[in-house]
Amino acid sequence: MRVLLVGAGGVGTAVTRIAARRPFFDLMVVADYDPVRAEAAVASVGDDRFRAERVDAGDEAAVAALLARHGCDVLLNATDPRFVMPLFRAARKAGASYLDMAMSLSRPHPERPYEECGVKLGDEQFALAGEWAKAGALALVGMGVEPGLSDVFARYAADELFDEIEEIGIRDGANLTVDGYDFAPSFSIWTTIEECLNPPVVYEKGRGWFTTAPFSEPEVFDFPDGIGPVECVNVEHEEVLLVPRWVDARRVTFKYGLGREFIETLKTLHLLGLDRTTPVTVPGADGPVAVSPRDVVAASLPDPATLGERMRGKTCAGTWVRGVKDGQPREVYLYHVVDNEWSMAEYGCQAVVWQTALNPVVALELLATGGWSGSGVLGPEAFPARPFLDLLTEYGSPWGLREQ
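For the sequence shown, counting from 1, position 24 maps to 25 in the numbering used here; every step adds exactly one.
Worth flagging that the hints you see were computed from the coordinates, not collected in a lab.
Please read these numbers as outputs of a predicted model, since none were measured by experiment.
Where is the CB? At the ideal position from N, CA and C, for every residue including glycine.
Where hints are given, some of them may not hold.
Stated by the list, open to error - Here are the simulated lysine-lysine pairs, DSSO-like style, with alpha carbons at most 27 angstroms apart:
1) LYS326 to LYS206
2) LYS121 to LYS268
3) LYS94 to LYS206
Claimed, not checked - Derived DEER-like restraints, expressed as beta-carbon distance ranges:
4) PRO330 to LYS94: 23 to 29 angstroms
5) PRO330 to VAL292: 40 to 46 angstroms
6) GLY207 to ALA346: 48 to 54 angstroms
7) ASP226 to GLU395: 52 to 58 angstroms
Generate coordinates for the entire structure from the input sequences, incorporating the hints supplied.
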């Protein structure tokens with residue numbers, strides 16, 4: 002397997018460090034708009050299977066040419082969601098497989114944003130599913146940790162733990178703190194704003210997908226491995242759009258343990274218009290400059306990839322499932338916990354980006370070895386769960402199951 006990895010930020014760098022320990026690929030080209038970042042990611046692994054390149058992720062022709070020049074048969078997208086569609090199209094143009102960790106962006110319903118869906122996450126990609134299937138090509142979408150591993154857990158629950166599923170709820174929580182910062186998100190603030198301030202999507206069988214107000218339906222969920230109770234709220238996320246396509250469940254939700262202070266900060270950004278992506282004109286040293294308020298917020302905060310030494314605690318991604326097995330009610334939580342102290346000591350990567358990066362590498366290995374195969378635009382639920390979970394454990398990062 003020859004891989005083009007686009008994006009050498011925190012997650013992309015973690016991908017290189019995880020993949021360097023595995024033999025399933027021959028080449029991984031690490032490309033970024035900033036060549037210094039790409040070169041640093043490659044230098045950190047000291048492996049001649051890696052090489053650095055510069056590319057603009059928004060330039061489809063340049064990405065397709067890079068795929069062809071290196072003979073890459075798969076593109077792994079580790080950029081933010083703004084670049085999903087150009088990279089998705091570039092992979093198809095070059096005849097390469099495609100894998101991402103977040104899907105094409107949504108747009109709220111113009112009149113009823115908190116009741117009806119507008120353009121849903123992934124709609125642009127699924128609109129082209131027939132083209133990929135006709136070509137016998139694979140686009141594996143939403144293959145990070147959430148979405149990704151959480152979807153694998155949903156498939157595993159349907160195949161092996163339940164006869165009927167009433168509800169699948171993705172529940173994400175952590176007890177992470179960052180020394181020296183009152184507000185320092187552990188993941189891309191651009192993506193965090195997008196998913197937290199957009200109308201959350203809920204799925205119900207018979208009704209389909211619908212939306213609610215941001216931060217709706219708060220609940221306290223008790224997370225394992227010492228993290229404990231965390232208040233979680235509805236957030237827009239890909240799992241709700243993916244799981245019902247392949248797993249039969251009466252209800253699907255995603256709730257994120259944000260914490261009251263984090264929620265209030267996001268509400269303030271929204272109130273001030275600082276979550277907007279449409280550029281505004283501001284004075285500059287050389288005259289007026291058009292800038293996106295959200296990009297200014299992102300530039301004003303520390304890079305999450307640099308926070309590892311200051312972070313303390315654990316992060317948990319998991320899937321709560323309620324239903325019936327052998328005529329009896331059952332409720333479980335399947336989960337994956339990463340301790341920041343461990344991920345920093347073992348890989349030099351903070352826990353959230355390492356946990357995100359781990360799962361696409363596992364998926365790439367399954368595709369390379371034939372453990373997973375398919376064509377079209379497919380989510381993780383479209384594949385058998387057991388090979389993935391077994392390989393995840395082989396990578397030295399086991400998952401857990403708790404009866405509720």
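| message | Tell me the hint numbers this structure goes against, listed in increasing order. | response | Going through the list in order, the structure violates hints 3, 4, 5 and 7 and respects the others.
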